[in-house]
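2 protein chains.
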Amino acid sequence: MAPTLVDIAKQTQTSVSTVSRVLAGGAVARRISKETRDRVQDAAVRMGYRPNLVARTLRTRRSNTVALLVSDIGNPFFGQIGSLIEQSLHRHGYSLMLCNSGEDPERELEYLQVLSQKAIDGLILVPLMRQKRQLFQRISEKLPLVILDRPIAGIEASVSSDQDQAAGILCDTLERAGIKKVALVAGPRHIITHRRRAEIVAQRFDVVARFEGPAQKETGRQAFIKLLGALPETIVCTNNFLAQGVIESIAQIDRPPVIGVFDEVPAMHLLPLPIVCSMQDLPMLAECCVTQLLPQLRGEMVRIEPIVLPARAVTNQAFQLRHFQAT
Amino acid sequence: MAPTLVDIAKQTQTSVSTVSRVLAGGAVARRISKETRDRVQDAAVRMGYRPNLVARTLRTRRSNTVALLVSDIGNPFFGQIGSLIEQSLHRHGYSLMLCNSGEDPERELEYLQVLSQKAIDGLILVPLMRQKRQLFQRISEKLPLVILDRPIAGIEASVSSDQDQAAGILCDTLERAGIKKVALVAGPRHIITHRRRAEIVAQRFDVVARFEGPAQKETGRQAFIKLLGALPETIVCTNNFLAQGVIESIAQIDRPPVIGVFDEVPAMHLLPLPIVCSMQDLPMLAECCVTQLLPQLRGEMVRIEPIVLPARAVTNQAFQLRHFQAT
DNA sequence: TTGTATGCGTTATCAG
DNA sequence: CTGATAACGCATACAA
Chain A
1 MAPTLVDIAK QTQTSVSTVS RVLAGGAVAR RISKETRDRV QDAAVRMGYR
51 PNLVARTLRT RRSNTVALLV SDIGNPFFGQ IGSLIEQSLH RHGYSLMLCN
101 SGEDPERELE YLQVLSQKAI DGLILVPLMR QKRQLFQRIS EKLPLVILDR
151 PIAGIEASVS SDQDQAAGIL CDTLERAGIK KVALVAGPRH IITHRRRAEI
201 VAQRFDVVAR FEGPAQKETG RQAFIKLLGA LPETIVCTNN FLAQGVIESI
251 AQIDRPPVIG VFDEVPAMHL LPLPIVCSMQ DLPMLAECCV TQLLPQLRGE
301 MVRIEPIVLP ARAVTNQAFQ LRHFQAT
Chain B
1001 MAPTLVDIAK QTQTSVSTVS RVLAGGAVAR RISKETRDRV QDAAVRMGYR
1051 PNLVARTLRT RRSNTVALLV SDIGNPFFGQ IGSLIEQSLH RHGYSLMLCN
1101 SGEDPERELE YLQVLSQKAI DGLILVPLMR QKRQLFQRIS EKLPLVILDR
1151 PIAGIEASVS SDQDQAAGIL CDTLERAGIK KVALVAGPRH IITHRRRAEI
1201 VAQRFDVVAR FEGPAQKETG RQAFIKLLGA LPETIVCTNN FLAQGVIESI
1251 AQIDRPPVIG VFDEVPAMHL LPLPIVCSMQ DLPMLAECCV TQLLPQLRGE
1301 MVRIEPIVLP ARAVTNQAFQ LRHFQAT
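Keeping their order, the protein sequence lines are chains A and B. With the working numbering, the residue at position 85 of the first sequence is 85, and numbering never jumps. With the working numbering, the residue at position 130 of the second sequence is 1130, and numbering never jumps.
No lab work stands behind these hints: they were computed from the structure. Check the hints yourself; a few may be wrong.
[Said to hold, decoys possible] Cross-link-like lysine-lysine pairs, in silico, DSS-like; alpha carbons within 27 Å at most:
| hint | chain 1 | residue 1 | chain 2 | residue 2 |
| --- | --- | --- | --- | --- |
| 1 | A | Lys217 | A | Lys180 |
| 2 | B | Lys1010 | A | Lys10 |
| 3 | A | Lys181 | A | Lys217 |
| 4 | A | Lys217 | B | Lys1217 |
| 5 | B | Lys1034 | A | Lys142 |
Make the full structure from the sequences, and use the hints.
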């Protein structure tokens, strides 16, 4: 159906190698006589030739494709980061294949399997698993790899926010507001970010109630319902989805609880709830991923070290009003 | 490096064909003697054999992969829909390759090009372009295709919400609240959804101010700033991102404007702004995409017709309070 | 400057 | 039941 090198070779009375060389462009093409070169190029555009990337990949073992496997693309956090990474990678000549494990460890394994069989050039992974060994059971150690958001012990190429610092500034802000007791709504403890955040909060406050479940709105909703009897002064959620669930469950309440949360809460400054948010630097996270991946893709043996970025605390007006202090 | 059929054949004193047949499984495998079958299978697992999908695809012209090319994966609307489609497709044995054109027509063309060269089995597209011809210039007419969210004239396989109805119920709700004049913050008019929504609103209300720009928060912010001099009673935004920008720019205002918007606004019921939202049915949109794609993938020549889903209007408490009426 | 031949790892055809 | 062997479309080492 679609024309191949052979078709063009026939059409132009040349051989496949000549055609291949011409269409390869660059230095190789210039070693071909101008006449045949023009003739071939002409035929190529006339016949609407498009190289078959599958065949090319099989031959060269390069696909110019990087995969990003995230834990939940439905989460705007990963959507935005995916968007940023895609743009950056695109500027460097790679296309991005975005996959979604949906917080399901089995799907993660499957995708890792499939991806490694598909000759991707590199992988950026937001892992569900926590063991280096388990990971390298599925993919080659040779595959250019960057771990995003959830560091794995022993893997140097990783980009994440400093969870201790992020949780620290959140706690600082709450403490300065005189808060002593919190209810904790946490994501699964097997995910390092959720666990660490929860640990630190628990370390610095009196945790009067604690909930754990999938990092989805639903968990936040259910937690809030159970809290309704004795509403705590503060609810800390280990990510934005959980907080979203909590917030959506809050009807009109005279004195709503303070919400402490990680990652962005949309329109938070307008919400009539006091909110403290520990925000990650998304553009920087994305750019660092690319920075760590590119040298690996180029086969450069540069020394790579984990990148750990600081977060910043942001409060909204309702919080500032209640606690008489500025951002 | 990684073992191939040849390696296994050597190891088991058989031929590639035998190995291939055994590993193919099913009816083909059962035509092989139990002894050799076991021997081969054993060797395969022992050597950690993984079929090379690139080679297989080159040979069979099937990749078991569907691509979803969206206009902006940073928009939670598409993130959620991507997540839903991925899950559904996964159940049917396909993996999803999610690509992002970032509302950039050139990137869309590039991705279409690359995807069609990559032997994907099917494509779900949220198009930026509006011409059937332009599209089929890049991809084959034979490629199983579903157009999502922004129908293209002449393409039957398409899933979208009924923009007229969606805009209609939004206008109805505003009208019932006694609203006569609106400011309009619209996305690019070359995108059918934005244009149609804007048209209908303009048809039913007195548009006192009008802004147009990329469907990003920034456009909403800028529009709001320009409106500050003479704040209208109502601002209608043609999507959630624009509204997000508007909302984030609203500081404490005595009597904030009513916001009319399409798609979900997070935590809207708590916001101290009267909001009317015309919401699409995301899970249904996603499922319909898959429903329209699957028969095409299977090569069934069923009759396919555009699916147009209804939207529903939702108001928040602030709106209900101001206008004395329930949802 | 150009052509021939080989291989990438599979599947599929055709013998035996 | 099994084994050669020919594609799939491309890139490339080696000849000429």
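Structure-based check of each hint:
1. A:Lys217 - A:Lys180: holds, 26 Å
2. B:Lys1010 - A:Lys10: Between lysine 1010 of chain B and lysine 10 of chain A the Cα gap is close to 38 Å, so the pair fails against 27 Å, i.e. violated.
3. A:Lys181 - A:Lys217: Roughly 23 Å separates the two Cα atoms, so the pair holds.
4. A:Lys217 - B:Lys1217: holds, 23 Å
5. B:Lys1034 - A:Lys142: violated, 37 Å
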